[in-house]
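> What follows is the residue order along each chain.
There are 2 protein chains.
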Amino acid sequence: MPSHNLEYPKQPYSTVNRYGHRASYSLETIHQIINTCPVLHVSFAAEAPGPGSSSDPDSAFPAILPMIGQMGSFARPSADVGDVLDLYLHGYVSSRMVNRARSAGAESEGEGNDKKKGLPLTVAATHVDGLVLSLTPYSHSYNYRSAVLFGHAEVVTGPAEKLWAMELITNSVVRDRWRHTRVPPTGAEMQSTSILRVAIAGGSAKVQRSPPSDAKADLADAELTARVWTGIVPLHLTAAEPVPIPAGNGGDAKKVPPYLREYVDGLNQSAREMALEVAEGG
Amino acid sequence: MPSHNLEYPKQPYSTVNRYGHRASYSLETIHQIINTCPVLHVSFAAEAPGPGSSSDPDSAFPAILPMIGQMGSFARPSADVGDVLDLYLHGYVSSRMVNRARSAGAESEGEGNDKKKGLPLTVAATHVDGLVLSLTPYSHSYNYRSAVLFGHAEVVTGPAEKLWAMELITNSVVRDRWRHTRVPPTGAEMQSTSILRVAIAGGSAKVQRSPPSDAKADLADAELTARVWTGIVPLHLTAAEPVPIPAGNGGDAKKVPPYLREYVDGLNQSAREMALEVAEGG
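Chains E and P are the protein sequences, given in the same order. The opening residue of the first sequence carries number 6 in the working numbering; numbering runs sequentially from there. The opening residue of the second sequence carries number 6 in the working numbering; numbering runs sequentially from there.
Simulated from the structure, these hints should not be mistaken for laboratory data. Misleading hints may appear alongside valid ones.
Which copy? The list can't say, so a pair holds if one copy fits it or any two copies do.
The list that follows gives simulated cross-link-like pairs (lysine-lysine, BS3-like), each with its CA atoms no further than 27 Å apart [unchecked claim]:
| no. | residue 1 | residue 2 |
| --- | --- | --- |
| 1 | Lys15 | Lys122 |
| 2 | Lys15 | Lys221 |
| 3 | Lys221 | Lys260 |
| 4 | Lys15 | Lys260 |
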């Protein structure tokens with residue numbers, strides 16, 4: 006862990022206005038939520054905003070795509086999760102997205118402000134750790150960890166950075182998977198893979214982990230507190246026993262290898278522990 | 006299930022361009038993905054697009070909020086999941102969002118087009134059912150069910166509809182929870198709760214459930230197929246044993262009631278079955 010405990014500056018678009026005490030701008034907190042989420046939701050304006058945009062009301066719907074992502078630094082691969090990092094994204098990158106990222110990059114080329122190059126994206130990740138069941142529907146809530154990052158995306162074109170990011174993302178899904186597969190990718194595979202690098206402009210997280218909380222009048226009602234079950238239902242992701250592909254269909258290695266066993270057991274243990282710890286107010 | 010099998014019309018913003026064979030526009034498919042997702046990501050433009058918008062580049066970042074939502078019809082509460090429904094959303098509704106929803110509604114009041122009233126929202130839900138591990142990183146993928154809905158949101162102001170939506174959403178989190186709590190909400194609780202009704206303009210889903218698939222050259226490589234484990238790691242949500250609040254803190258009902266036991270067992274069984282069925286190619 007970095008000793009400096011960096012925080013993203015509060016921007017108008019990133020400041021949490023409600024329940025500010027649950028907000029965090031810590032790079033480490035935000036990056037960890039992003040890194041441990043199996044899928045991110047990536048949102049961008051369907052067309053560039055501003056005076057030049059059309060008045061087609063349908064363009065008012067932002068696009069949202071599910072993508073896989075991981076924080077990293079190509080310049081300093083050993084960087085800690087709490088350091089200043091880029092977000093690398095993999096998934097279906099539409100031609101519209103690529104074109105917009107390229108044209109946005111080109112437009113701002115001369116302005117000398119690297120942070121504003123690329124397609125503006127908002128990226129969200131949410132883990133639900135438990136259902137908080139209280140005496141009244143009004144006071145029901147979730148325990149959760151939620152993060153949002155704002156940044157500018159560009160398509161990674163350098164082969165070395167692209168290869169590095171592909172390994173980063175593959176190993177983020179199953180630790181150590183990359184070197185246990187057929188690598189390096191062929192030229193055609195490299196060509197057909199799109200990786201986006203998002204330079205982060207700001208971000209925030211919101212973390213709630215608290216027991217049920219009710220109003221005094223309800224708590225004083227003995228009939229009510231005896232009748233209504235209150236507490237927390239912990240929720241967590243589980244990896245079931247890996248299912249090998251039938252023999253002869255391209256997978257003859259049936260025995261789950263140690264790195265995969267470790268991944269499955271590790272995920273199950275850490276996800277469960279997190280949910281139970283939150284439920285027990287740890 | 007409805008026999009008519011309705012589909013959302015393909016709109017420019019909702020058409021799935023890549024892997025079109027995995028796309029679905031079926032109301033039933035889309036609504037079920039939305040209804041079973043514990044958290045939705047709701048995105049909207051940070052400011053209204055079009056000629057009147059500012060050129061502040063930060064306004065280019067869409068806002069994303071995690072919210073809880075459920076499809077429903079206030080006019081016809083017995084409607085089926087595959088019928089034409091509204092999306093009801095609960096969560097932190099910022100004053101910016103409320104103001105934009107109100108002003109968008111007012112602006113279009115005279116146009117006689119109900120569908121275009123309200124704040125344009127895009128709503129995404131994604132379930133990851135499994136990791137698909139193949140011979141090469143390039144052919145790795147997820148099995149998943151993902152849905153996006155586009156629509157116009159208005160704040161629900163009628164008390165009857167609001168109360169109905171609060172019950173709908175509470176029972177979507179834990180079936181039958183509402184009547185086992187202290188209801189109805191007080192006037193102050195009603196006042197402090199914001200519910201959005203989203204009139205749906207379009208939507209799409211993408212569903213992938215397939216075994217690992219590799220190129221012929223790799224499949225023909227006996228060393229490779231013997232060395233690399235290929236198959237599926239099923240992933241699913243799990244509800245752990247409910248943790249009651251310590252006695253004297255507002256919950257004296259310790260024994261998990263039947264409706265909650267059913268919810269926990271039902272979730273665990275259906276989520277696990279879904280993940281395993283997908284992994285086994287069912």
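> Using 27 Å as the alpha-carbon threshold, which applies to Lys15 and Lys260: within, between, both, or neither?
The answer is neither: 49 Å in one copy and 45 Å across copies each exceed 27 Å.
> Please sort Lys15 with Lys122 into within, between, both or neither, judging by C-alpha distance up to 27 Å.
within (20 Å within a copy, 32 Å between copies)
> Evaluate Lys221 and Lys260 at a C-alpha cut-off of 27 Å and name the case that applies: within, between, both or neither.
Between. Shortest inter-copy distance 23 Å satisfies the 27 Å Cα cut-off; intra-copy 57 Å does not.
> Under a CA distance limit of 27 Å, which applies to Lys15 and Lys221: within one copy, between copies, both, or neither?
Answer is neither: 35 Å inside a copy and 52 Å across each miss the 27 Å cutoff.
In summary, the structure is inconsistent with hints 2 and 4 from the numbered list given earlier, while agreeing with the others.
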